[in-house]
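4 protein chains.
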Amino acid sequence: MGSSFGKIFKISTFGESHGPAIGVNIEGLPAGVKIDSNQIQFELGRRRPGQSRITTQRKEADEIEILSGVFEGVSTGTPMAMVIRNKDQKSKDYSHIANQFRPSHADYTFQEKYGVRDYRGGGRSSARETVARVAAGAVAKQFIAQAFGAEFYAYVSQVGSLKLEKGYVDLDLDQIDDHAVRCPDRKMADKMFQLIDEVRKDQDTIGGIITAVIKNMPAGLGEPVFDKLHATLGKAMLSINAVKGFEYGSGFDGIKMKGSEHNDAFYQEGDRIRTRTNKSGGIQGGISNGEDIYFNVAFKPVATIMQDQESVDKGGNTATVSGKGRHDPCVVPRAVPIVEAMSALVIADFYLITRTNKLNN
Amino acid sequence: MGSSFGKIFKISTFGESHGPAIGVNIEGLPAGVKIDSNQIQFELGRRRPGQSRITTQRKEADEIEILSGVFEGVSTGTPMAMVIRNKDQKSKDYSHIANQFRPSHADYTFQEKYGVRDYRGGGRSSARETVARVAAGAVAKQFIAQAFGAEFYAYVSQVGSLKLEKGYVDLDLDQIDDHAVRCPDRKMADKMFQLIDEVRKDQDTIGGIITAVIKNMPAGLGEPVFDKLHATLGKAMLSINAVKGFEYGSGFDGIKMKGSEHNDAFYQEGDRIRTRTNKSGGIQGGISNGEDIYFNVAFKPVATIMQDQESVDKGGNTATVSGKGRHDPCVVPRAVPIVEAMSALVIADFYLITRTNKLNN
Amino acid sequence: MGSSFGKIFKISTFGESHGPAIGVNIEGLPAGVKIDSNQIQFELGRRRPGQSRITTQRKEADEIEILSGVFEGVSTGTPMAMVIRNKDQKSKDYSHIANQFRPSHADYTFQEKYGVRDYRGGGRSSARETVARVAAGAVAKQFIAQAFGAEFYAYVSQVGSLKLEKGYVDLDLDQIDDHAVRCPDRKMADKMFQLIDEVRKDQDTIGGIITAVIKNMPAGLGEPVFDKLHATLGKAMLSINAVKGFEYGSGFDGIKMKGSEHNDAFYQEGDRIRTRTNKSGGIQGGISNGEDIYFNVAFKPVATIMQDQESVDKGGNTATVSGKGRHDPCVVPRAVPIVEAMSALVIADFYLITRTNKLNN
Amino acid sequence: MGSSFGKIFKISTFGESHGPAIGVNIEGLPAGVKIDSNQIQFELGRRRPGQSRITTQRKEADEIEILSGVFEGVSTGTPMAMVIRNKDQKSKDYSHIANQFRPSHADYTFQEKYGVRDYRGGGRSSARETVARVAAGAVAKQFIAQAFGAEFYAYVSQVGSLKLEKGYVDLDLDQIDDHAVRCPDRKMADKMFQLIDEVRKDQDTIGGIITAVIKNMPAGLGEPVFDKLHATLGKAMLSINAVKGFEYGSGFDGIKMKGSEHNDAFYQEGDRIRTRTNKSGGIQGGISNGEDIYFNVAFKPVATIMQDQESVDKGGNTATVSGKGRHDPCVVPRAVPIVEAMSALVIADFYLITRTNKLNN
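Protein chains in written order, with my numbering: chain R, 898 to 1258; chain F, 898 to 1258; chain D, 898 to 1258; chain V, 898 to 1258.
Misleading hints may appear alongside valid ones.
Chain copies aren't distinguished; within one or between two, either way the pair holds.
[Stated by the list, open to error] Straight-line alpha carbon distances no greater than 30 Å define the calculated DSS-like cross-link-like pairs of lysine-lysine that follow:
#1 Lys1088 to Lys1155
#2 Lys931 to Lys1255
#3 Lys1255 to Lys1112
#4 Lys1176 to Lys1098
#5 Lys1060 to Lys904
#6 Lys984 to Lys1176
#7 Lys904 to Lys1255
#8 Lys1088 to Lys931
#9 Lys956 to Lys1098
#10 Lys1176 to Lys1112
#11 Lys1211 to Lys1084
#12 Lys1211 to Lys931
#13 Lys931 to Lys1063
#14 Lys1255 to Lys1155
#15 Lys1063 to Lys1155
Derived from the structure by calculation, the hints contain no laboratory data.
Keep in mind that this is a model prediction, so the values were computed, not measured.
Starting from the given sequences, assemble the full structure and let the hints guide the process.
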């Protein structure tokens, strides 16, 4: 269980880091959506390893093959399966951990849970799985663009203690991809790059925060009670490798406020009801109100470091795990398209659910 | 959609704040669990309004009636439905908002989504719905106690800017219920009480944080990829009314660390593999590792304040919403049993899923 | 598991034959549907015991209470829960089978499955559960009537060897309820009544067939591959107590035909594409084609007979089960509204799913 | 929707008849199952076209590629995806129906439902999809063999009016595969072969029945109310292309019996409770009782005939559909492994669900 996400626009991913392929099956993609495989490839390129010296040097072309669900460039309403072949596996790099548990990885817990595990590169627990999410998210984005036009942004707003103080409204979100770090403030981006590069040279890793924004949202998306829009976004984000926290709108800072400061007054603008402030983060009672949605996602420092660490092996004997393999010193720059992809998947699903909310649709 | 939670141990809640009843149907409760309805009633008592002067004065006995699934005090494996009758509705208090949208409530978004809404006390969006969660959680707790004995704690660790600096390991968690605020540090609890009471007198509200701890966890719970244990806990918490953020283990603070500081080294203790530190919060790769699980849940200041606020009505005309009704100046003390209940529901579900993970169970 | 049906218009039933109540929770009922509780009560009346001397003499008013999801006579889009209190339980009638297994009942299998069972009147396995389905089906019918107007018919077409040779097109379906047997051919209905009454006097039971027809269907309902419309209808029917077989369109008789005889030629009629014959039963490739849907449902003779039968008890000792309790000599007359209800639930669900099939809805 | 089956042992199939590949993703396969890909290939060989002159002459090696979920020959508990490449597509054969609707096919209904369709070979509605089911079923069989040893049989018991009067208990089920028709009675098999061959020469098609038997079943599988074992088996069978009817145990014939004849008396045999007769077909109250499960599945004559037929095109103009393509004159011989596969998938799923039924498993 656990490899599926969504209720109507539903994805199921499969594949191990060093198996033959990573793939995803999308069920519930409506018929009639023009599918541009170049756009899928473009998003995969944003996530691809080896983009700069601050990302892992694993080399994967990440070429997508569409196996089903598209005919003459248009979705047919049937499941759309896609596979990406793994090519640059260096499985030998991992033979030393066949019997050892890497600290703060999923080695031990997979072993306990299943009694067996594909230890090569973390197997199913590897962040390589997210290539499937990005491919599916690229399809969700195309659907949304053709259906109602919501727009997805994500950027790096913190690395270690380097924190971008400006809010998203004061940034030019079109500049995100102009810098390898994917922070739209050039000065801060340079500093972050330097910090990550230093950490890399120290054979260490560091954490960070990604801020995401969804613009041009219709009101009414999200379901009351358990499937609130922010709860589902939160789960989507927390399911990304290395994520430790999620907050939306005023978030953790909002707790210090009084209700009288925190509430967002309503007013009429043209034929639309709007709020004067947006501490709600575009979501009230778990349902979008038409204002921008924004949230923060906290990523821990990657567990794989190039240093020796204390651990135990399967037999419970003390062992020293040595740092091998190719990994990112800081995941946030490459996680940006993943955060966007998961956002688009959540919104696509709720949009379709919304069609079933009223007698007359 | 959206009123169900869980995959095997699955709950569905129903009912509006001012309708005849709130209820919950539990599917997937295994047969053979001794059900003590007093324990359910006890948990409801912890959540009940009117406990002290810092909670809402609505008076509800919150008496549970079990309609099915229990025979001679033991669960039968069939759906267990429970209802709690609403008694102290003062629906007249709400007639003034039949056509108005209260700021930062779900009035506007429900209207947009459904084209119709039960405006009395927020209808389905009211926190009164959580009485059903607490009842179901009390059943989950009994199941867990009889199956493997995990223990659930939650307490108030922050109100406004008043923050408890001690971690949970330095607190006596058995003292949580000794104080109306549900903070196990008496001194801090007194301060928090005072602050809430002041806010109440100012006809205002304030936010806070609940910290939760799950002890005596087996390893292996949680499913890889999308249904990671912390992602599911996160969704569960974010689905509670007024929650704006979730973090587990090192959380948002962990991002500032280096991987070499953050990683939890493994060692052998007796016949058990343990970690020397627990920045992972008891979860690695989305699966429990047997260490304590701990996380923080951020609650915004309640939206209902006893002050006049700017808003609009259904027709888009400017309106003044006046503060009426009976509400909590700060929700965290009463939200403690809700956080515990949701934790127990998540763990009960994953425990049952885990039985299907291996060929030989 | 197993007490829920449907994906979007989803019902969950609960309750035991001799527990406090039977109930149903409907999730996914769209907002804006006018709900007439008299119509629900009317359908329950059609299923109610004690209608004539050929049905069980258990006396239940079967009064419905709506607990949620309806405000000012209109559905709000939130879960609609309903309960029917059990009143005329004579649980003492069942104390003799607390330790015995009635032949061809679910006593033994429930005991094996759960290790415990509510033996009173069959507990959860009793056909009393279907009262909840009829209530939910009555809501589905109202939704469908207001949304697109499909019409549901079901009638008794066979009792024992008494078989109505006319097809549904040669019958007046408005006469179904004019006779206690619910066969629209008066002559045959009289014969069937006589046969059932004889069987009753012999303290025995007998089987029968219900034929169902759905008229005024739009094309496009049903999902390819596993959730074909007829597969889902089949499951719905086979889930009704005592059902042993299902066939649609040409059914079991169709196997003897050649493809050239069996195929339904297409032609244009006005602006609609139609078929000249309808051996497909209104369904092609699992999807409705706009022609009438029709199918047969086979019911075995009820297992409860008023005669002594050989069996064993929980300890494996030989035992004689004596016939007690109040039961129907033939279930088909009272099963007619149940078949209709399940049909309506299937169609309501697929109708809503269909809204998500295309980019532009 | 509709391309997934199962709740815990869950399969999702994808792919079109003339697309690049057909595939299946299995979620919920427990870890630790030895996977023999030769056995998967063996089952695919039983379903493969071109086995004799009475099956379609499309040539497909149907080679399986396992993409994930298996490591060193053992399942890892993660999703197991498999693909089969399509090789012998002759898509040109279908250009004539790009705008025409073949009678009793899914062409018209797909067009109505989705507004677009992959017309080549029926696209997603083609029986080629069942290759994915057989692959998944072969995995389910291996899991079941290693877990508890239930055995699956299916055979042709009727073709046109040629009906095998012997029941399964009087047949040698090990001889099923000895004859191209897959009827274990050699004499009858020869007659059936002749009939199918005649029909083929007439460029026509004919229907038939498959009888299935599941032996060595444990008691307790199947869930009460909606997910009854026979209801789920029924849905599984009705979801197979060309199926029009399903009956289990005494089936449609049982309706003529009295309850006193139909009931299966219990007795003790060694340490096992058994029934003297088995009109229940091994299922009581929707739950297996440990006796053999048996059921019949009715297949209509295949819709594709090599004759000209009246129809209409997309514009509603009269059209003549001419018989082209390569198809089976009678599907039942090749459908035998499909019926077995679906049976195994149902049983695997219920077996895993059963592990969650009791407090102490």
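The hints, checked one at a time:
Taking the closest pair of Cα atoms, lysine 1088 and lysine 1155 come within 30 Å of each other only across two copies (17 Å); inside a single copy the shortest separation is 36 Å, beyond that limit. Taking the shortest alpha-carbon separations for lysine 931 and lysine 1255, both the intra-copy value of 27 Å and the inter-copy value of 12 Å come in at or below 30 Å. In this assembly of identical chains, the alpha carbons of lysine 1255 and lysine 1112 lie at most 30 Å apart whether taken from the same copy (24 Å) or from different copies (24 Å). In this homomeric assembly, lysine 1176 and lysine 1098 come within 30 Å of each other (Cα to Cα) only across copies, at 24 Å, whereas the closest approach inside a single copy is 40 Å.
For a Cα distance limit of 30 Å, the shortest separation of lysine 1060 from lysine 904 qualifies neither inside one copy, at 36 Å, nor across copies, at 39 Å. In this assembly of identical chains, the alpha carbons of lysine 984 and lysine 1176 never lie at most 30 Å apart, being 46 Å within a copy and 34 Å across copies at closest. Proximity of lysine 904 and lysine 1255 under a CA criterion of 30 Å is satisfied in both settings, with 18 Å inside one chain copy and 16 Å between copies. With identical chains, the CA atoms of lysine 1088 and lysine 931 are never at most 30 Å apart, being 41 Å at best within one copy and 52 Å at best between copies.
For the identical chains of this complex, lysine 956 and lysine 1098 are intra-copy neighbours only, at 20 Å inside a copy versus 58 Å across copies, given an alpha-carbon limit of 30 Å. In this assembly of identical chains, lysine 1176 and lysine 1112 lie within 30 Å of each other by CA distance solely inside one copy; the values are 15 Å within and 35 Å between copies. Taking the closest pair of Cα atoms, lysine 1211 and lysine 1084 never come within 30 Å of each other, the shortest separation being 47 Å inside a single copy and 46 Å across copies. In this assembly of identical chains, the alpha carbons of lysine 1211 and lysine 931 lie at most 30 Å apart only when taken from different copies (21 Å versus 50 Å within one copy).
Neither within a single protomer nor between protomers do lysine 931 and lysine 1063 lie at most 30 Å apart by alpha-carbon distance, with minima of 37 Å and 50 Å respectively. Within a single copy, lysine 1255 and lysine 1155 get their C-alpha atoms no closer than 36 Å, and across copies no closer than 46 Å, so neither meets the 30 Å cut-off. Both within a single protomer and between protomers do lysine 1063 and lysine 1155 lie at most 30 Å apart by alpha-carbon distance, with minima of 23 Å and 25 Å respectively.
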